[in-house]
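J.: Sequence:
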Amino acid sequence: MRGPAPAFRIATRTARRTGRAAGAVASAALLLPLVAAPPAASAAQATDALQREFAEAAAEYHVPQSVLLAVSYLQSRWDVHGGAPSVTGGYGPMHLTDAATALASTAPPAEPGGDARGDSAGSGAPRHEAAPPAPSPSALPERLRTLPRAAALTGLPAAALRERTAANLRGGAALLADAQKRLGLPASGSANDWFGAVASYSGASDAAAARSFADDVFEVIRSGQERTNDAGQHLVLAASKALAPRTDQVARLGLATPPPSGAECPPSVSCESVPAPYQKLEGSDYGNHDVADRPSSQKVEFIVVHDTEGTWETTLRLIKDPAYVSWNYTVRSSDGHIAQHVPTKDVAWHAGNWYVNSKSVGIEHEGFLARPDAWYTEEMYRTSARLVRYLAQRLDIPLDRQHILGHDNVPGTTPGTIKGMHTDPGPYWDWAHYFELMDRPFHPTAGPFGGLVTILPDYEVNEPVYTGCEKPGQKCLPHGSGAVRLHTAPGENTPLVKDAGLRPDGSPSTTDVNDTGARASTGQQFAVADRLPGWTAVWYLGQKAWFRDPWWSPVAVGAYGRAVTPRAGLKEIPVYGRAYPEKEAYPPGVPVQPLVPLPYKLSAGQAYVVGAETPGEFLWAGNFDAAAHRVVRGKERYYEIQFGHRVAFVRASDVTVRPAGH
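In short: position in the sequence shown from 1, add 21, done, that's this note's numbering.
Read the hints as simulated data drawn from the structure, not as lab findings.
Using N, Cα and C, we set each Cβ at its ideal position, and we do this for glycine too.
The reader is advised that the hints may include incorrect statements.
Here are the simulated DSBU-like cross-link-like pairs (lysine-lysine), alpha carbons at most 30 Å apart as the crow flies [claimed, not checked]: (1) 341 <-> 301; (2) 604 <-> 592; (3) 366 <-> 496.
So the derived label-pair ranges between C-beta atoms look like this [said to hold, decoys possible]: (4) 647 <-> 245: 32 to 40 Å; (5) 626 <-> 524: 41 to 49 Å; (6) 441 <-> 527: 15 to 23 Å; (7) 527 <-> 466: 43 to 51 Å; (8) 441 <-> 647: 25 to 33 Å; (9) 414 <-> 211: 31 to 39 Å; (10) 462 <-> 609: 21 to 29 Å; (11) 245 <-> 651: 52 to 60 Å; (12) 495 <-> 624: 49 to 57 Å; (13) 553 <-> 227: 26 to 34 Å; (14) 227 <-> 441: 32 to 40 Å; (15) 211 <-> 470: 51 to 59 Å; (16) 604 <-> 527: 43 to 51 Å.
Model the full structure from these sequences, guided by the hints.
T.: What follows is the structure in structure tokens.
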């Protein structure tokens, strides 16, 4: 369990990561006399300990310290995670993998299940995602078993490599030195001579993936890094601008060089094609996606971020099943390798909302939402961010949280489907860091006391209590989160706001890790409803929702944008989970889709931030013959709004749109 961070470090990190004014740092610094601080010498020693341990491990195994630091940064950002394993069973700052031990732990409860196709009109059978089985430890690939090798090389017990940071660093250094030796290369003091060993460290089975990992490591060395990790240890890797790594060394690894895959990926990532089958099944059923012609047929408006709730190997096995669901891409945790399954022109069945499916690309990430310390690697965040940026540019999708959604932001289609909507990637996904990697960091775009806010807590120190990760009602391990909790009144002990869709009986929301009823996440924008000292209220699911927002540690910043309110003369208007056309727009042979309101109301006097503006559309894909598919467009237009934790849609004819946030 991580210890408390010094107040000034928290304040400066908040200012650095969110772009807030230096005055906030100065204000937080005023609190320092209230904090019991250790003597300066012992504090410096504690802060520098990990840097010294890196230096000692590098010296012992004759590995350049910059190489060891950069490999660790790409795996863990130098975090120790309290000895907990990553989603692929990697331990410690060096991400030494022991997936067999990690798999032996009890699996957490799965997120809610629902129909991933999200369409009652099609003749293809609904696809309900099932929890994938865990693989046998004996079937684990070598990249998931590096810790036992490190134990053999160092003579250290496996438990020490998992639990002791200094031992973990020695294990990583030993693996790099062993790779250098096996490649027949000297233990050079120049980082340039370690490109092949670094590529080997990834555990990749093909040359492209190994090269991509090494490229990223050497980019970290080139640019340098400085960070305070989750244990309060401050580390510095000085920039080395004059690098000239021996990239030709990758050939010595003897890895396969796959032919061009044709996958739609940026050139800076390792990517392969693992196609999902488009196949006719029994009767009128077929799977597991729909052939289309996007963006000519429909504009892609959204990219939806998921986690797999299973391992890479299990996930790739499932995508090949024509009777299962589908998604467009999967990103591997250990090295950021990407597989494309469904072309972006086609419609994958992934979001549980047919309207969103037909206008989105879905990306799965190897991981588990209810395991707070089953952490995602930095390399996975980086390659995923590059993929999203690439797709956004190709498909003309804005890089903001109105268009880059989590699966937990996708609305139910009707009142009856709300409870079954998925909740991944959950409160532990680091949206702030993700958008920083896309060169679109969240920052204030208006004054702090305007009419709109962007949710922006400091992920590393924001630790709301969640329950249900291991057992119902049991507290989850403390962990950083990009989400804030919403109350009915300004006070930590007041009830949480209600979600009429999740709980029609009127009961309040809970702290359960899968309960999205009273949660606002990083990057989401809301209209301010009220303010009191230390608290801010926003409009949320038709009600005032309060969150703790003290001036010395704010969790939201001012924003400028557009907001909708009900048109003059209307007391309230309906909100919808999909933007379907009016009935007059449907041609003969295409069933009219009822426009069913969700069980919420947007009342006069309330305001909600606008995202996408879109025509009413419905993709009729009711059979295996793609030539018979039709796109129905109506005259009615819709606005996507941030209505709760999930987005929703309102008819343009029902609302007035105004600039907001000055």
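J.: Each hint needs a verdict: does it hold in this structure or not?
T.: Hints versus structure:
1. 341 <-> 301: Cα-Cα ~14 Å, so holds.
2. 604 <-> 592: holds, 25 Å
3. 366 <-> 496: Distance of about 43 Å is beyond 30 Å: violated.
4. 647 <-> 245: 32 to 40 Å: violated, 51 Å
5. 626 <-> 524: 41 to 49 Å: 24 Å Cβ-Cβ, so the 41 to 49 Å window is violated.
6. 441 <-> 527: 15 to 23 Å: Roughly 20 Å apart at Cβ, these two residues keep to the hinted range, so it holds.
7. 527 <-> 466: 43 to 51 Å: For residue 466 against residue 527, whose Cβ atoms are near 37 Å apart, the range 43 to 51 Å is violated.
8. 441 <-> 647: 25 to 33 Å: holds, 28 Å
9. 414 <-> 211: 31 to 39 Å: holds, 37 Å
10. 462 <-> 609: 21 to 29 Å: violated, 50 Å
11. 245 <-> 651: 52 to 60 Å: holds, 55 Å
12. 495 <-> 624: 49 to 57 Å: violated, 38 Å
13. 553 <-> 227: 26 to 34 Å: violated, 57 Å
14. 227 <-> 441: 32 to 40 Å: holds, 38 Å
15. 211 <-> 470: 51 to 59 Å: The hint (51 to 59 Å, Cβ to Cβ) holds, given that residue 211 and residue 470 are roughly 54 Å apart.
16. 604 <-> 527: 43 to 51 Å: With Cβ atoms ~33 Å apart, the hint is violated.
When the structure is compared with the earlier hints, violations turn up for hints 3, 4, 5, 7, 10, 12, 13, 16 and for no others.
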